[in-house]
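Asks: As you go down the protein sequences, you meet chains E and A in turn.
Each residue of the first sequence is one higher than the one before, counting from 1 in the working numbering.
Each residue of the second sequence is one higher than the one before, counting from 1 in the working numbering.
The set of hints was computed from the structure by calculation and includes no laboratory data.
All C-beta atoms, glycine included, are put in the ideal place defined by N, C-alpha and C.
Do not take every clue at face value.
To be verified - Facing chain E, from chain A, some residues (calculated, C-beta under 7 Å):
id : residue
1  : Ser42
2  : Ser45
3  : Ala50
4  : Ala56
5  : Ala60
6  : Gly62
7  : Val94
8  : Thr95
9  : Ile114
10 : Pro116
11 : Asp117
12 : Thr137
13 : Val141
14 : Ala142
To be verified - Ranges between beta-carbon positions, derived for each pair:
id : chain 1 : residue 1 : chain 2 : residue 2 : range
15 : A       : Arg132    : E       : Pro366    : 52 to 62 Å
16 : E       : Gly152    : A       : Arg147    : 31 to 41 Å
17 : A       : Glu179    : E       : Arg413    : 50 to 60 Å
18 : A       : Glu179    : E       : Asp128    : 50 to 60 Å
19 : E       : Pro392    : A       : Ser18     : 26 to 36 Å
20 : E       : Ala123    : A       : Arg147    : 31 to 41 Å
21 : E       : Gln407    : A       : Glu74     : 55 to 65 Å
22 : A       : Glu179    : E       : Gly320    : 48 to 58 Å
Said to hold, decoys possible - To give an idea of the chain A side of the interface with chain E (calculated C-beta under 8 Å), a few residues:
id : residue
23 : Asn53
24 : Glu61
25 : Ser64
26 : Val65
27 : Ile77
28 : Ala143
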Amino acid sequence: MSDKGYFGPYGGRYVPEVLRRAVEEIEAAFEEAQQDSSFQKELMRLQKEFIGRPTPLLYAENSSRFLKGADIYIKMEGLAHTGAHKINNAMGQALLAKRMGKTRVIAETGAGQHGLATAAACAKLGLDCTIYMGAVDVDRQQPNVATMELFGAHVVPVHTGSRTLKDAINEAFRDWAASFVDTFYIIGSALGPSPYPDMVRTFQSVIGFEVRAQLAERQLTPDALVACVGGGSNAIGFFAPYLDTEIPRLIGVEAGGRGPAPGDHAARMTGDGARTGIVHGYKSRFLLTEDGQVAPTHSISAGLDYPGIGPQLAALGRSGRIEFRRAGDQEALEALQFFARHEGVVFALESAHAGAAAIALARSLPRGKVVVVNMSGRGDKDLFITAPYFRPTEWAAFLRRELEALQNKEALRRQAPAGPEVHYG
Amino acid sequence: MDEIRLMAHLVAGYPDVSGCLAAAIGLVEGGASYLEVQIPFSDPSADGPAIQNACAQALAEGYSVAQALDFIAELHIRYPNIALFVMTYASIVVTPGVESFVRTLARRGVSGIIVPDLPFDADEGLDAACRREGTITAIPVAAPSMRAERLAHMAALGRPYLYAALRTGITGKSTTIDEETLRFLGACSAGGSRVLGGFGIRSHAQALAVRSLVHAVVVGSAFVEVISHANELYHNSPRARDEAIRTNLAHGVQELVSGPP
Ligand SMILES: Cc1ncc(COP(=O)(O)O)c(C=O)c1O
Chain E
1 MSDKGYFGPY
11 GGRYVPEVLR
21 RAVEEIEAAF
31 EEAQQDSSFQ
41 KELMRLQKEF
51 IGRPTPLLYA
61 ENSSRFLKGA
71 DIYIKMEGLA
81 HTGAHKINNA
91 MGQALLAKRM
101 GKTRVIAETG
111 AGQHGLATAA
121 ACAKLGLDCT
131 IYMGAVDVDR
141 QQPNVATMEL
151 FGAHVVPVHT
161 GSRTLKDAIN
171 EAFRDWAASF
181 VDTFYIIGSA
191 LGPSPYPDMV
201 RTFQSVIGFE
211 VRAQLAERQL
221 TPDALVACVG
231 GGSNAIGFFA
241 PYLDTEIPRL
251 IGVEAGGRGP
261 APGDHAARMT
271 GDGARTGIVH
281 GYKSRFLLTE
291 DGQVAPTHSI
301 SAGLDYPGIG
311 PQLAALGRSG
321 RIEFRRAGDQ
331 EALEALQFFA
341 RHEGVVFALE
351 SAHAGAAAIA
361 LARSLPRGKV
371 VVVNMSGRGD
381 KDLFITAPYF
391 RPTEWAAFLR
401 RELEALQNKE
411 ALRRQAPAGP
421 EVHYG
Chain A
1 MDEIRLMAHL
11 VAGYPDVSGC
21 LAAAIGLVEG
31 GASYLEVQIP
41 FSDPSADGPA
51 IQNACAQALA
61 EGYSVAQALD
71 FIAELHIRYP
81 NIALFVMTYA
91 SIVVTPGVES
101 FVRTLARRGV
111 SGIIVPDLPF
121 DADEGLDAAC
131 RREGTITAIP
141 VAAPSMRAER
151 LAHMAALGRP
161 YLYAALRTGI
171 TGKSTTIDEE
181 TLRFLGACSA
191 GGSRVLGGFG
201 IRSHAQALAV
211 RSLVHAVVVG
221 SAFVEVISHA
231 NELYHNSPRA
241 RDEAIRTNLA
251 HGVQELVSGP
261 P
């Protein structure tokens, strides 16, 4: 828990006055909801029935044997509904929005996973939903855009700035400044002005508490936990039960991208690319230029290329409780293949960064040690990135055939009059 | 006399180095009493689309904070009697260090700094640094959605200036002046601060409605749009463009200050 919104030197509530009241109202409502057993009961029901919790903890037997080191366990968070841990937070905040009497939800999204989760939660709870998404991301994540629209969300492409996640956050703040009377802003990671980092961690901590119970059932205690770190929500939720203990080792993995040159990665806690700054309402470590402009980043995974990191993770990195590593694009792809071949499990590209670090760590530890890696998402969503990489020729041919088929169908449709439309309700 | 005291806002580096100088000249010639120079930031989340795009375009051309500081120094030399304020975001201020940034501004003749995402009670030492310089002041930004106690607290700081954002939202759209707004402006000036009232004002008529409640009226987006328009019309002739920016802004300011001819 933060101390008045701060985690050591980081955190805070650096928002224009126009937004302060909206944030304070959320803080009060969140604290009340935490004490309210009917809210908690409803959230637990939705976690079970809608999200599909608990997600399994898989013993990666073949991988462990192959690596001749520690035992690897995979927290199968990607089996949660909509394919990633993002739904834990989206559902928690959407339920809070409803409790506050808000009728409309806004959210930002990069890869589309948080947008997807928010759109699903809003469809389920009957909330109007608008998702801001950078125009570049809209173009490269069409499958997620299509599904969000299927859930009834309005997906608004953002054409300003770098037209990616950070610009979608700015646009969501802009909307909120004019709409907070009836609108709740669901931030998708453990960052932003206080109380968001505390709130997001709380909703994501279900991951860590489940892991602890699942290990205890097998009479195991973990030696190390490994998670990828974009904004940091899956990591902080996974680590949550262990933040005040000395073991296990907690390892956060950032995107090493193409290499250490500025603009080629998104590493804020390793190397010397980051500075302490204030962006998006909180103080933390950011990738900034000398002038203080937010710097460009790169990662093969759209979920890890955010230029900042949640304030609590930054503070725990500084204090030494969390160790940070980086894994590059290539290492992530190799880890993705490794677990697919050995375990029949396809990691999301984000999570594959944690997978890469877990492989290296397991190799370096003796047998009998327990390493748990959080597979924050499953890899289905990345097909359009991984397929061109693993099978470029076949994939190109497939896309060409699909496009032709679609164009033929369009041509036919234009000739023949449309059939009757179906309406329900 | 129905003259309005005007604080004119412009984005440093937009549309480019010569264009923003032409803009400043036009604004002063038209009769602006104060200039508010925005130093572009990559993520200006409290600004509306017009200003945001202006900032993005300046940065896309590689415009730096150092260039903005040179621009400001030049304005101060040209117009030593026009008060110069700087508006920017926390990241631009804290990255070089608050103390050093404030000193740099003060040395270039800036008399006020506005940073909407540095709250007055968590300002990273902005106010203290300004006091040490003596010739520059930190200007807090109030909004109508503030709780009454907090607004009273802000007003009671008694800073020389207080910036009042008239609309619950962002710059760009227009303002209607109702009872609630009038009450808000009254609360802003309760501590004796001179209130700079802004966001959304576009016409002499609108400005007249708040004139007696504020020290100066701030106009931003409307002028940025004038610049954008000139920039589109004359994109292949920088000299004609700069001339259009200067004269159109001078007329725009004149009309805002004195009413339609
Ligand atoms: C599967 C997956 N893992 C991780 C992340 C990174 O976010 P965070 O660091 O908040 O968990 C994302 C973000 O989109 C994601 O989709």
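Asks: What are the numbers of the hints that this structure violates, sorted from low to high?
Replies: 3, 5, 6, 9, 12, 18, 19, 24 and 27
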